[in-house]
Structure formats: structure tokens, C-alpha cells
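Asker: Sequence lines, in order, name chains G and Y.
With UniProt numbering as the guide, the letters of the first sequence map in order to residues 1 to 379.
With UniProt numbering as the guide, the letters of the second sequence map in order to residues 1 to 379.
It should be emphasised that the hints constitute simulated quantities derived from the structure, not laboratory data.
Remember, predicted model here, so these are calculated numbers, not experimental data.
Please note: incorrect hints may appear among the correct ones.
Each pair may be met inside one copy or between any two copies, as identical chains are not told apart.
Derived EDC-like pairs (lysine to aspartate or glutamate); straight-line CA-CA distance at most 16 Å [claimed, not checked]:
hint, residue 1, residue 2
1, Lys249, Asp73
2, Lys120, Glu329
3, Lys249, Asp70
4, Lys252, Asp8
5, Lys312, Glu349
6, Lys312, Glu148
7, Lys185, Asp237
8, Lys185, Asp238
9, Lys185, Asp295
10, Lys252, Asp295
11, Lys220, Asp73
12, Lys243, Glu22
What follows is the residue order along each chain.
Protein chains: 2
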Amino acid sequence: MPTAIPADSVGLVSPKVEHFAEPLALACGRTLDSYQLIYETYGELNAARSNAVLICHALSGHHHAAGFHDTEDRKPGWWDSCIGPGKAIDTNRFYVVSLNNLGGCNGSTGPSSINPLTGKPYGADFPVVTVEDWVNSQARLADVLGIEQWAAVVGGSLGGMQALQWTMSYPERVRHCVAIASAPKLSAQNIAFNEVARQAILSDPEFHGGHFLEQGVIPKRGLMLARMVGHITYLSDDAMGTKFGRGLKSEKLNYDFNSVEFQVESYLRYQGEEFSSRFDANTYLLMTKALDYFDPAAAHDDDLAGALSCAKADFCVISFTTDWRFSPERSHEIVNALMAARKNVCYLEVDAPQGHDAFLIPIPRYLQAFRGYMNRIVV
Amino acid sequence: MPTAIPADSVGLVSPKVEHFAEPLALACGRTLDSYQLIYETYGELNAARSNAVLICHALSGHHHAAGFHDTEDRKPGWWDSCIGPGKAIDTNRFYVVSLNNLGGCNGSTGPSSINPLTGKPYGADFPVVTVEDWVNSQARLADVLGIEQWAAVVGGSLGGMQALQWTMSYPERVRHCVAIASAPKLSAQNIAFNEVARQAILSDPEFHGGHFLEQGVIPKRGLMLARMVGHITYLSDDAMGTKFGRGLKSEKLNYDFNSVEFQVESYLRYQGEEFSSRFDANTYLLMTKALDYFDPAAAHDDDLAGALSCAKADFCVISFTTDWRFSPERSHEIVNALMAARKNVCYLEVDAPQGHDAFLIPIPRYLQAFRGYMNRIVV
């Protein structure tokens with residue numbers, strides 16, 4: 001943590017855990033008999049219960065979106081740049097709820113949780129969960145918190161997909177949907193990258209068919225490779241070029257396979273290494289599957305406008321010029337469908353060199369527009 | 001093979017092997033005491049020895065570029081669409097030489113060859129080879145074949161880099177250089193993809209530090225992952241979308257990790273599987289390193305025009321609009337440097353949806369322009 005908590009921080013926060021005993025039917029046909037969700041809240045719910053904002057996380061995200069858990073924390077929550085007093089999601093106005101999704105590995109029930117039927121970690125026995133399933137589980141959390149209707153559901157990337165799904169699954173319960181750096185479904189190339197990541201994990205001998213925890217090991221190599229591939233798609237070619245170019249790690253070339261020649265190799269190895277020691281491989285598989293399966297238009301003859309026609313929310317869609325994981329064209333698909341469905345939609349394409357990761361970065365024009373939209377929400 | 005050999009095929013061909021006993025000093029500082037190169041030739045060398053064309057192969061290519069080895073062959077050589085009587089590289093006019101590069105796994109000396117010092121396969125002991133090393137070894141092959149000067153040196157992708165290097169290493173020995181879908185050096189993103197592929201191979205427990213052949217195994221999983229990543233970069237997002245879209249493998253979703261849900265997953269797994277059973281993992285590592293290291297401008301204060309100023313060849317540069325591995329902008333860098341160095345250069349940007357792989361595909365406008373350039377070469 002910085003020496004003093006910044007004035008625009010939500011400060012010290014603590015996660016809460018909610019247990020759900022009512023079985024949850026999943027899209028895959030299976031049922032979770034019981035589960036828990038871990039979440040944090042920032043700001044105060046107003047008397048009318050009309051100022052609640054739900055934050056939906058992306059592939060490797062979690063409930064800790066803002067503030068600090070401990071005075072020793074080096075870094076705040078993952079979206080601290082956007083959540084806090086006076087920030088885009090202003091905690092002086094909004095009551096913010098941020099959870100770890102079902103299947104996660106940060107405190108909500110997931111593959112590394114104990115399966116009550118066996119007394120062992122679920123591992124590969126944890127059911128495949130979809131964006132729809134997550135939204136259903138989030139609705140139950142809203143019920144518990146006494147939130148009949150969200151002022152806004154907000155998310156970037158996979159989080160944006162959940163925000164969109166909310167407007168279709170629970171049209172009456174969302175007044176505003178903010179989908180940032182997102183897409184209405186994955187392209188073949190998006191699925192291909194996910195498949196490489198999955199095969200890296202599945203083919204790691206330490207994966208043990210998903211039951212590695214029982215063996216006391218983790219498929220570190222597979223998870224590392226998966227993250228390395230992912231990272232390439234999070235950054236733009238330009239951003240990588242600016243950040244690393246062809247910069248060498250040491251003064252001269254080594255001409256072997258074990259040395260790190262280029263700085264970009266060092267960066268990727270570090271990112272992969274760090275991630276592989278903190279993230280669950282089965283959760284990674286689940287998250288990529290949730291991405292692959294998301295396709296709300298599919299049930300409407302591939303007519304996205306048809307799928308979105310039931311929505312009652314207003315929409316804000318934001319994309320970034322150099323994002324090649326979910327390019328601005330993918331946001332245009334959402335915006336065009338919303339216009340065809342006669343919904344209110346604001347769209348902003350932010351000129352930013354950072355690629356997909358831009359949604360996590362405090363880019364002035366992005367924050368200004370995001371704050372502008374959020375501030376106009378009546379609570 | 002088709003039922004009859006097509007009239008525009010070079011027909012049945014046989015590779016030849018040349019042994020070199022004179023040591024070859026390599027860029028890495030090591031020396032190969034002796035080695036062999038496997039090659040094929042198509043067409044006839046004219047009396048003036050002025051009609052020879054060298055074909056340089058890309059990452060996974062080899063010497064068998066055109067024609068058939070056997071009447072039972074299902075497919076011709078890898079660039080049969082461009083080499084043959086009346087084709088872009090017209091074997092009625094040209095004497096075409098196509099070799100497998102040093103470090104390869106198709107008959108030239110490489111990591112799977114026997115190291116004369118140990119009596120065992122070189123494996124990881126095979127030295128790292130660079131594009132400059134390849135060009136030097138190719139020059140020795142030219143000497144043996146009595147070719148003082150190539151009418152043209154031609155290549156796509158990594159092959160284009162060799163063609164460019166020829167004009168700098170041996171300016172007097174190249175009259176024309178044709179560099180297709182190539183780049184003057186890798187970007188950070190290009191290196192990053194190579195690094196993922198390398199880590200997939202290096203971290204495979206069956207890699208055994210590169211000495212897997214002695215163990216009687218191959219790092220199949222690593223090589224499969226490497227090829228899957230590579231394949232994504234060879235195709236355009238559009239091409240993948242057109243070819244596979246979100247098409248399912250079976251009628252309904254399976255919601256598990258072992259089934260193949262989408263056709264694009266099936267395609268990638270097949271490509272990876274097929275490749276891993278025919279290609280050497282150490283060769284793959286070497287090829288990616290040769291790509292990473294290629295940077296002729298580096299020795300000239302990053303001035304590519306300065307690096308190319310010694311060239312005496314005329315140049316033809318061809319790029320493809322949807323190639324995102326080596327985008328048209330990368331070819332522009334080459335063309336701009338050539339113009340700054342006052343060289344003769346023809347440039348064609350072909351509108352093609354196939355991505356990087358387009359250079360292997362018989363696209364009419366591409367073939368027409370390529371043939372047009374080659375036909376104007378005086379022999």
C-alpha cells in the first residue's frame with residue numbers, strides 16, 4: 001500500500017461470503033446443490049436501494065476490485081482506477097458490489113473447493129458454468145443483498161458479456177449496462193487461442209485429469225503456457241513494440257535455448273510464472289469455456305438484435321482502437337444490434353495503444369467518458 | 001498423385017545429397033566440421049549458367065518444393081503452385097534449386113543427424129544457425145553446382161529473409177531477389193509467439209533437454225502446442241471465420257473439456273497432431289531462433305537502407321492484405337529502405353483473405369504478378 005491511503009480510494013475493505021443452499025440448475029444440465037460466493041462492497045446502499053452497481057470480472061479477475069485488504073498490500077484491487085470516491089464508478093453515489101464468479105479460485109465455490117459429496121476437491125468434477133449461469137448466481141446474491149434492480153451492471157471483456165447477459169436474463173433488474181472491450185461472441189480465432197491454452201493445461205502430465213490437487217501437484221507448465229498465450233492477445237503489437245521492441249536482456253546474444261535473449265521473452269516468462277503459482281488450472285479451463293459458449297444470438301437465429309430486444313436497460317459500449325482480442329468491430333456488432341433493437345446506446349471508441357488491457361488502464365479520455373456516463377445515471 | 005502427372009508439373013523428381021567437408025564457421029561462434037545438404041533441381045541449367053533460381057524455404061519447409069517423389073504421392077511439393085513449366089517460376093526457362101536448410105529434419109544435417117564426434121544424434125548439441133549461416137551454406141551448394149550468380153533468389157516468410165540476406169552477403173551473386181510475405185526483422189509480438197512455442201517444447205517432460213531421441217521418445221505434446229500457436233498466426237481472423245466460424249463439431253454442446261466442441265478446435269488439434277509426428281522438435285526450436293535473430297539493420301545502427309545499400313540485385317516484394325504475422329506494413333519497411341538505398345524495387349500488395357499462408361496459395365493476381373516479374377528476368 002502507499003504510505004497513506006489515497007483520498008480517492010475506498011480504503012481498507014474486507015470480503016464477505018454468502019452461502020446458498022438452494023440448488024442452482026446450470027446450462028450444462030447439471031445442478032450445484034449448494035455453493036458460496038465471495039464478494040466485496042464499496043459505498044453505501046441508499047434507502048431506496050436504487051444506487052447499486054454490479055461489477056463483473058473477466059477471465060482471471062475476482063471480487064477484490066478496489067481498495068486494500070491490508071495496510072501491507074502493495075497494490076489495490078484490480079479496477080481501483082475506476083472505482084472510488086469521485087472516480088468513474090463514484091462510491092460517493094453508488095453502492096458497488098463485486099464478486100468472484102462461480103467456478104473461480106478466489107473464494108467462491110469452484111474446482112479447488114471441497115465437493116461435499118466426496119470430501120475431496122471438485123477438480124475436474126466441477127460442472128462447466130456459462131455466462132448465463134453466472135448471471136443467475138449473481139441474481140441470487142442481489143436477492144440476498146436486497147437489490148431488486150441494479151442501477152448498472154458493468155464489466156470489461158468477459159465481464160462485459162455478463163453485463164449484456166443481465167439485460168437479457170433479467171430485463172427488469174438492470175437500468176444501465178456498461179460493456180467495455182467486449183464482444184457478442186467469440187470468433188474462430190478467439191476460440192483457437194482458448195483451445196491452445198486449454199490443450200497446454202490438459203496435456204501437462206501434472207494435470208492428472210483435473211484431479212491434481214489430490215496428487216499434491218499443480219500443472220504449472222501448462223498454466224504458464226496458457227497465460228503466456230493469453231498475454232500476447234491482451235497487448236497490442238504496437239504496445240509490445242513500444243514496451244520491449246527487440247530489446248535484449250543482456251548485452252549480447254547467447255545463441256542457445258535456455259538463455260533469455262529478448263526482454264519480451266523475459267516478460268512473458270515472468271507473467272506465466274507468476275500466474276501459474278496463484279491461479280487454478282481448472283478455473284482457467286472453465287473461464288475459457290464460458291467465453292467460448294457465450295453467444296446470445298444463437299438462440300435467435302443468429303440475430304443479436306432479436307436476442308437484445310427484450311432488454312430494458314440503456315447501454316454504454318466502449319472499445320479501444322488497438323484491442324485485437326475484441327476489436328472495435330466487435331463492439332460495433334453490439335452497438336448495431338442495439339440500434340436495430342431501438343435501445344438507447346452510447347458508444348465510445350477510445351484511441352489507445354495498449355490493446356485489450358486498456359480497459360484496466362487509467363486512460364484519461366476513457367475514464368472521463370466512463371465517469372460522464374455513470375454520473376448521468378439517476379439514483 | 002493425380003491419375004496422370006499434370007502437364008504443368010515438373011513430374012517425378014528425386015532429391016540429391018551433397019556432402020561438405022570444409023568446416024563452416026557459424027554466427028554463434030561455433031563451427032560445423034562437416035555437413036550435408038539435401039536438394040532438388042527442376043529444369044535445366046543453361047550453357048551460360050545464367051538461369052539458376054534458388055528457392056529458400058520457411059519455418060517448416062524443406063527441399064521438396066515441386067513435383068512428385070513417387071507415383072503414389074498424394075500431394076506434390078510444397079510450392080508446386082509456383083514452380084513448373086509455364087508457372088510463375090517457369091522451369092522451361094529456369095533451373096530451380098531447392099534445398100533443406102542446415103538444422104532441418106528432412107535430410108540436411110540437423111539435430112536428428114548423427115554427430116560424428118559422439119556417434120549419437122546431435123539433439124540439443126546442434127549449434128544454433130542463423131539466416132546468414134544458411135546463406136553461407138547455400139553459397140557453397142551454388143559453388144558445387146557451378147552457379148556463380150543466381151538469376152533470382154526467391155522465398156516466402158523466413159525464406160524471404162534468406163533472399164534478402166543473399167543480396168547483402170553476396171551482392172555479386174544475385175541478380176534478383178523476390179521476398180514474399182516477409183519482414184526485415186521480427187516484432188516483439190512475433191518473438192513472443194515464438195517464445196510460447198519454444199517453451200511448449202522445452203517444458204515437455206519428453207524433451208529431455210533436447211536429447212529425446214536417445215531416450216526413444218519425442219516431445220509430441222510440446223510440438224503439437226507449438227504448431228497450434230503457429231497455425232493461428234498463419235491464418236487471418238477472417239479466414240478462420242469463413243472456414244470455421246463458430247461451427248460445431250457435433251450437433252450439440254457437450255459442456256466438458258475432452259470433447260471437441262467447435263470445428264476450429266478439431267482443425268487445430270489435427271494440424272498439431274499431424275505436425276508433431278513428422279517434424280523434429282529441435283529443428284523447430286532452431287527455426288524460431290533463426291527468425292528471432294534475423295535483423296540485418298542491427299549492424300547498421302538500425303538503418304535498413306544502410307544494410308541494403310551494398311545490394312546489387314533488383315527486388316520484388318509481395319505482401320498480402322490480411323497477413324498479420326508479417327503484415328503489409330512489414331513489407332513497406334523493406335520497400336522504403338530499398339527506395340532510400342536507390343534500388344530497383346517492384347512492390348505488390350495482394351488483396352487476399354488467407355492471411356500469412358496466402359504465399360503458398362494459388363491466388364490468381366499473386367501468381368500473375370509473380371510470373372510477370374520472373375518472366376522479365378533476362379537469362
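Asker: What label fits lysine 252 with aspartate 8 when the C-alpha limit is 16 Å: within, between, both, or neither?
Answerer: neither (45 Å within a copy, 49 Å between copies)
Asker: At most 16 Å between alpha carbons: which applies to lysine 312 and glutamate 349, within, between, both or neither?
Answerer: Close neither inside one copy (24 Å) nor across copies (47 Å); limit 16 Å.
Asker: Should lysine 249 paired with aspartate 73 be assigned to within, between, both, or neither, using CA atoms and 16 Å as the limit?
Answerer: Classified as neither: same-chain Cα gap 29 Å, cross-chain 47 Å, threshold 16 Å.
Asker: Could you place lysine 243 and glutamate 22 in one of the four classes (within, between, both, neither) given a Cα distance threshold of 16 Å?
Answerer: Neither: 49 Å inside a chain and 44 Å across chains, both beyond 16 Å.
Asker: What label fits lysine 220 with aspartate 73 when the C-alpha limit is 16 Å: within, between, both, or neither?
Answerer: For lysine 220 and aspartate 73, the Cα distance exceeds 16 Å both inside one copy (25 Å) and across copies (42 Å).
Asker: Since the copies are identical, ignore which copy is meant and state whether lysine 185 and aspartate 237 lie within 16 Å (CA to CA) inside a copy, between copies, both or neither.
Answerer: between (23 Å within a copy, 14 Å between copies)
Asker: Given a CA cutoff of 16 Å, do lysine 120 and glutamate 329 count as a within-copy pair, a between-copy pair, both, or neither?
Answerer: Classified as neither: same-chain Cα gap 45 Å, cross-chain 54 Å, threshold 16 Å.
Asker: Using 16 Å as the alpha-carbon threshold, which applies to lysine 185 and aspartate 295: within, between, both, or neither?
Answerer: within (5 Å within a copy, 39 Å between copies)
Asker: At most 16 Å between C-alpha atoms: does lysine 249 with aspartate 70 qualify within a copy, between copies, both, or neither?
Answerer: neither (35 Å within a copy, 49 Å between copies)
Asker: Under a CA distance limit of 16 Å, which applies to lysine 312 and glutamate 148: within one copy, between copies, both, or neither?
Answerer: The answer is within: 14 Å in one copy meets 16 Å, while 76 Å across copies does not.
Asker: Which holds for lysine 185 with aspartate 238 at a C-alpha limit of 16 Å: within a copy, between copies, both or neither?
Answerer: between (25 Å within a copy, 15 Å between copies)
Asker: If the cut is 16 Å between Cα atoms, do lysine 252 and aspartate 295 qualify within a copy, between copies, both or neither?
Answerer: between (49 Å within a copy, 14 Å between copies)
The structure fails hints 1, 2, 3, 4, 5, 11 and 12 (numbered hints given earlier, in ascending order).
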